[in-house]
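Colleague: Here's the letter readout for the chains.
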Amino acid sequence: MEQNTEHKLEIFRGLIKFKSNVQKIWGVLIFLSIVTAIEVALGIIKPEILMSYFLSMKLINWIFIILTLVKAYYITWDFMHMRDEKFGLQVSVVITLLFLMAYAVFIFLVEGNYIYDIMYEGFVSWNF
Amino acid sequence: MSSTISSTQIQSELNTEPKPLDASYGKLMMWFFIVSDALTFTGFLISYGFSRFKNIDSWPIADEVFTHFPGLHGIDAPMYYVALMTFILIFSSVTMVLAVDAGHHNQKDRVAFYMFLTIIGGAVFVGSQAWEWKNFIKGEYGALETRGGMIIQFVDSENNKRLALKDFASYNPEYREQHKSSNGLWFQSESALPNYSLEEVKTGFLADPSIVVRIEKIDEKGHKIILNRDQSIEKVMQGVYVVEGANLIRNEYGNRLFADFFFFITGFHGFHVFSGVIINLIIFINVLLGTYERRGHYEMVEKVGLYWHFVDLVWVFVFTFFYLV
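If you read the sequences in order, they're chains A and B.
Start counting the first sequence at 1; every next residue gets the next number (our numbering).
Start counting the second sequence at 129; every next residue gets the next number (our numbering).
Please note that the accuracy of each hint is not assured.
Unchecked claim - Restricting the straight-line Cα-Cα distance to at most 30 Å, the calculated cross-link-like pairs of lysine-lysine (BS3-like) are:
#1 B:K236 to B:K289
#2 B:K352 to B:K363
#3 B:K345 to A:K58
#4 B:K262 to A:K8
What the hints assert, rightly or not - In silico negatives: residues of chain A with every beta carbon more than 12 Å from chain B:
#5 E10
#6 F12
#7 R13
#8 I16
#9 I49
#10 K71
#11 A104
#12 V110
FYI, nobody ran anything at the bench for these hints, they're computed from the structure.
By construction, the Cβ of each residue, glycine as well, lies at the ideal position given by its N, Cα and C atoms.
Based on the sequences and whatever the hints tell you, model everything.
Modeller: Here's what the structure looks like:
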């Protein structure tokens with residue numbers, strides 16, 4: 001059987017182009033390691049400047065979540081070879097998940113926040 | 129030649145079928161599985177987020193819970209251990225994708241070698257998680273639970289350092305023994321008792337005026353609120369239960385749900401890693417036996433690779449939402 005050994009070897013929209021698939025794997029590993037190292041460093045230092053709130057969440061938490069999504073993208077696209085798949089497959093996986101996850105995050109976090117408010121403002125003591 | 133159909137013939141039959149989205153049947157099914165499994169994990173993490181938003185001003189602080197590193201005793205090392213675990217898992221992901229790549233070139237020995245490294249990495253990760261669980265279940269300081277089900281922890285008022293129960297609890301020789309079926313009624317038993325009785329903790333607390341308590345509530349800066357001595361005495365007198373470590377009912381770190389979610393989410397993920405190791409092992413043996421060599425392609429390695437990367441992907445999210453945010 002003829003194997004599909006063609007890989008797209010560019011990451012960062014063609015900013016870096018690797019010579020072989022193996023080289024790309026190591027390149028992505030280095031990138032993921034750097035991102036993880038940044039996350040851990042921020043988690044340990046917790047710079048005071050990132051403690052301010054943005055859209056009712058700490059700036060540092062927004063950074064963590066964005067970096068996590070970046071990591072997820074590169075794991076899926078390069079380790080799981082999503083980059084080499086047809087556009088149709090990419091969309092059916094990613095759009096399905098993103099839509100359902102975003103919807104669930106929205107309704108559950110809003111609901112959790114609502115229950116917090118009720119318990120905070122209610123006349124019932126929750127710690128007796 | 130003979131009337132039986134060889135597996136390579138069947139394989140080539142299968143490969144001539146029209147392939148939707150240009151992906152083989154097996155790979156497509158693996159993607160189906162991954163999408164549904166991703167939604168299961170979404171459900172877990174969302175319910176964690178829900179409970180956390182519900183208790184936004186009293187949730188335990190992860191940095192104060194996961195502070196252990198192998199070989200460093202009594203040293204506060206938040207994040208380091210879990211960062212190490214993350215690197216181990218990412219690295220085993222890399223060896224997996226290298227095995228897939230070697231499979232594309234039909235290099236049996238390289239596939240076997242990289243599969244082997246992947247299995248080792250996965251096993252090390254599961255082991256690390258077991259160690260993390262051990263520390264979490266054992267606990268470090270111990271705490272009291274009040275009548276309202278809130279956890280209060282003890283602090284030295286001079287340097288704001290946490291105090292363990294063993295640092296100040298008095299000794300009362302009358303503290304009873306655990307009721308096991310071997311030493312009491314043979315048809316009854318109870319779970320393990322804490323090392324110190326409520327009386328021992330309360331007496332020890334009253335004897336040392338420098339001890340205060342901190343409650344679950346968090347101030348604006350994100351630190352647990354520490355009460356003064358008078359308020360502390362009042363709180364300690366409301367204590368009804370000595371809590372050491374964690375189980376599914378109560379834990380010394382704070383909100384009960386915190387330990388439950390920790391056990392369920394990291395446990396469910398750990399189970400995925402474990403089954404991934406087993407599946408990798410089966411494929412590894414098949415590679416050694418030359419099954420895929422004879423089949424002519426290593427797509428099976430690619431499929432388990434997809435699963436393995438998915439497990440890594442989930443960990444990236446668990447890491448963020450459990451330890452960082």
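Colleague: Determine for every hint whether it applies to the structure shown.
Modeller: Here is how each hint holds up against the structure:
| no. | hint | result |
| --- | --- | --- |
| 1 | B:K236 to B:K289 | violated (57 Å) |
| 2 | B:K352 to B:K363 | holds (15 Å) |
| 3 | B:K345 to A:K58 | holds (18 Å) |
| 4 | B:K262 to A:K8 | violated (44 Å) |
| 5 | E10 | holds (17 Å) |
| 6 | F12 | holds (19 Å) |
| 7 | R13 | holds (21 Å) |
| 8 | I16 | holds (17 Å) |
| 9 | I49 | holds (14 Å) |
| 10 | K71 | violated (5 Å) |
| 11 | A104 | violated (5 Å) |
| 12 | V110 | violated (8 Å) |
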